[in-house]
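Colleague: With my numbering applied, the sequence shown corresponds to residues 13 to 434, in that order.
Hints are not guaranteed to be accurate.
[As the list claims (entries may be wrong)] DMTMM-like mimics (lysine to aspartate or glutamate), calculated; alpha carbons at most 25 Å apart, straight line: (1) Lys192 x Glu252; (2) Lys22 x Asp225; (3) Lys91 x Glu259; (4) Lys54 x Glu33; (5) Lys22 x Asp198; (6) Lys54 x Asp80; (7) Lys91 x Glu103; (8) Lys91 x Asp80; (9) Lys139 x Asp162; (10) Lys54 x Glu104; (11) Lys139 x Glu93; (12) Lys167 x Asp227; (13) Lys167 x Glu184; (14) Lys91 x Asp131; (15) Lys192 x Glu142; (16) Lys139 x Glu103; (17) Lys258 x Glu237; (18) Lys192 x Asp227; (19) Lys101 x Glu149; (20) Lys192 x Asp170; (21) Lys167 x Glu252; (22) Lys145 x Glu184; (23) Lys96 x Asp133; (24) Lys96 x Asp47; (25) Lys22 x Glu237.
Just so you know, the hints here were simulated from the structure itself, not pulled from any lab data.
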Amino acid sequence: MDLLNTLVDKGLRRELPTREEALAVLATSDDELLDVVAAAGKVRRQWFGRRVKLNYLVNLKSGLCPEDCSYCSQRLGSKAEILKYTWLKPEEASQAAAAGVAGGAKRVCLVASGRGPTDRDVERVGKTIEAIKEQNEGIEVCACLGLLSDGQAEKLRDAGADAYNHNLNTSEATYGQITKTHTYADRVDTVEKAHAAGLSACSGLIAGMGETDEDLVDVVFSLRELDADSVPVNFLIPFEGTPLAKEWNLTPQRCLRILAMARFVCPDVEVRLAGGREVHLRSMQPLALNIVNSIFLGDYLTSEGQAGQADLDMIADAGFEVEGAGTTTLPAHRSDLADAAPSGGGCGSNGGASLCGSGAGAASAGDEAAGCGSACGGCSGHAHAEAAPVPAQPAQAEPGALRSDLVAVRRRGAGTDIAPNA
């Protein structure tokens, strides 16, 4: 179809589609879905080949957040039965990170719930970064700690952080309906602080919160304008005990269209399939690998993900390969500019049009990929641990029916005495 041919041509040239073209991707029919995936796959392969980058979440501090983000199981007033604990010690966090590295992760995402870090918190996380890098040569570390104050991004960079994640989550027009305790502008400011400090900016979105197609296009265009290096796409995990517990608005087909739209708008950045993929894409996850070039390995912050070994099997079975630690994720035109940036970091622009962002971690999918004030990806996967038996799926629910049976609250990994994916 002419639309897809146009979008492929623009993606191969790193040219921004029009808003009308992006909206048209979301409006395609189920009969056109495989064509949409194939078109997005051409753009993905141009810039990333068949490589899949693995990221691993470590939840440094869980629950008890003062922010009121409606999607988040760690929010103020949440009744979700999640793990709650204060800061992990650096050696505990390093041990947790080692599980992901053993499974092939090349980036560790350190996430902490809360509005934002104090200077003491930044020092604490700095020691954790040093401990992880001392034990794991060549591993990237991304911090996701919420809203940053002046000077904090520079301190994280000096401690060895490679990236900072803070998701926009939804459009500016809709943001006030999701969160009242901080603003969309606060989030943009934090991404800009990270970028200015020379950190690779990671910022993404959460789909499935009742937003319109226009909202989705707005937030993805905003992420491109921010010129982040990675864009995590989360799908809402409707936790019982949160205001969005009944928002079951996504189908696997809808998720694939959203991912494809993000790829067309952000052709040469790391588009990461983040929180909620197991819940909403289910058996169609392998198709998404034709669009995205990055996933979280194993569990998320407060919900269980697919077992780490199942992730690796899925990648291999779909004909993709895990990206090695010695491989540069971004295409040369972006990574070269990033290397030349002040302090040796930062997201590269594309030498013309700016491109889009990401999520450190990814972005809550019900917090899931992040703390309330922050927003990250998936935690506690261990590719070498024995996976828990997978319960039989219930019969297909009617459209709009609640699917709380699909949400498994995390009870293993960092912060527990139970091994990841045990």
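Colleague: Are any of the numbered hints broken by this structure? If so, which, sorted upward?
Modeller: 5, 6, 7, 10, 11, 12, 13, 14, 15, 17, 20, 21, 22, 24
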